[in-house]
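Engineer: Sequence:
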Amino acid sequence: MNWAGADGMSPVAMVEPRAASPHEGDDADLLRRIVGGDRTALVALYQRHGGVVLAQIGLVVEDRGLSEEILQDTMLAVWRGAASFRGRSRVRSWIIAIARRQARDRLRRYRANVVDDGFLTDRPAQEPGPEDVALERAEAEAVANAIRSLGLAHREVLGLVFGAGLTLAETAEVLDVPLGTVKSRLAAARAALARSLSEKGYAR
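Residue numbering for the sequence shown follows the working numbering, beginning at 1 and increasing consecutively.
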């Protein structure tokens, strides 16, 4: 991926996403700085939201390397289009909407397979005792398999609400569907997930 701008410099360093510092300024301020050509603001935005955005891309795209390329394409689109942000939604949901379009475009071009692996990558780390490790691994595998069995629409709504922490209204905006559709998809997805896990002996 060529990240070079007009002056040959890369606007975003290949750094790991991390939790944002409270001193970095809010997201809207970071976007204003990006509009002014501040590359450090784009890096800060990437570090703040990159992990969550990558997880959402992983709901749509099978290959991890391709997902990371799409994340870089997304951040380049943020760099180029920051001035178009109108503040009608949170910056995170705006970036996720961009990522979703980038992923769909890439799928259309390369006929990639649709799977879910990224949804579970942001789950909090556990510290089980040795005797619990096997059971937790089995349960994690059961959850992953149950999510994979859902259709893309249901995986997306679960990922946006529970993975990205978007509100139902923000999820509706990202998916470009009515709020009622989000509510019905979420209810159906949760019911299907619970049913699948119950059949495997896991109560949720």
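FYI, nobody ran anything at the bench for these hints, they're computed from the structure. Take the hints with a grain of salt, since some may be wrong.
Per label pair, the in silico range of CB-to-CB distance [claimed, not checked]:
1. LYS183 to ARG108: 25 to 31 Å
2. ARG148 to PRO178: 22 to 28 Å
3. ALA83 to GLU141: 29 to 35 Å
4. ARG101 to ALA28: 18 to 24 Å
5. GLY165 to GLU199: 25 to 31 Å
6. PRO178 to GLY65: 34 to 40 Å
Quick caveat, the model's predicted, so the values are computed rather than measured. We put the beta carbon where it would ideally sit given N, CA and C, even for glycine.
Engineer: Evaluate each hint against the coordinates.
Structural biologist: Evaluation of the provided hints:
Taken as a hint, the range 25 to 31 Å holds for the pair LYS183 and ARG108, whose Cβ atoms sit roughly 28 Å apart. Between ARG148 and PRO178 the beta carbon distance is about 27 Å. The supplied range of 22 to 28 Å therefore holds. Taken as a hint, the range 29 to 35 Å is violated for the pair ALA83 and GLU141, whose Cβ atoms sit roughly 45 Å apart. About 21 Å separates the C-beta atoms of ARG101 and ALA28, a value consistent with the hinted range of 18 to 24 Å.
Look at GLY165 against GLU199: about 29 Å separates their beta carbons, and that is inside 25 to 31 Å. The hint said 34 to 40 Å for the Cβ distance between PRO178 and GLY65, and at roughly 35 Å that hint holds.
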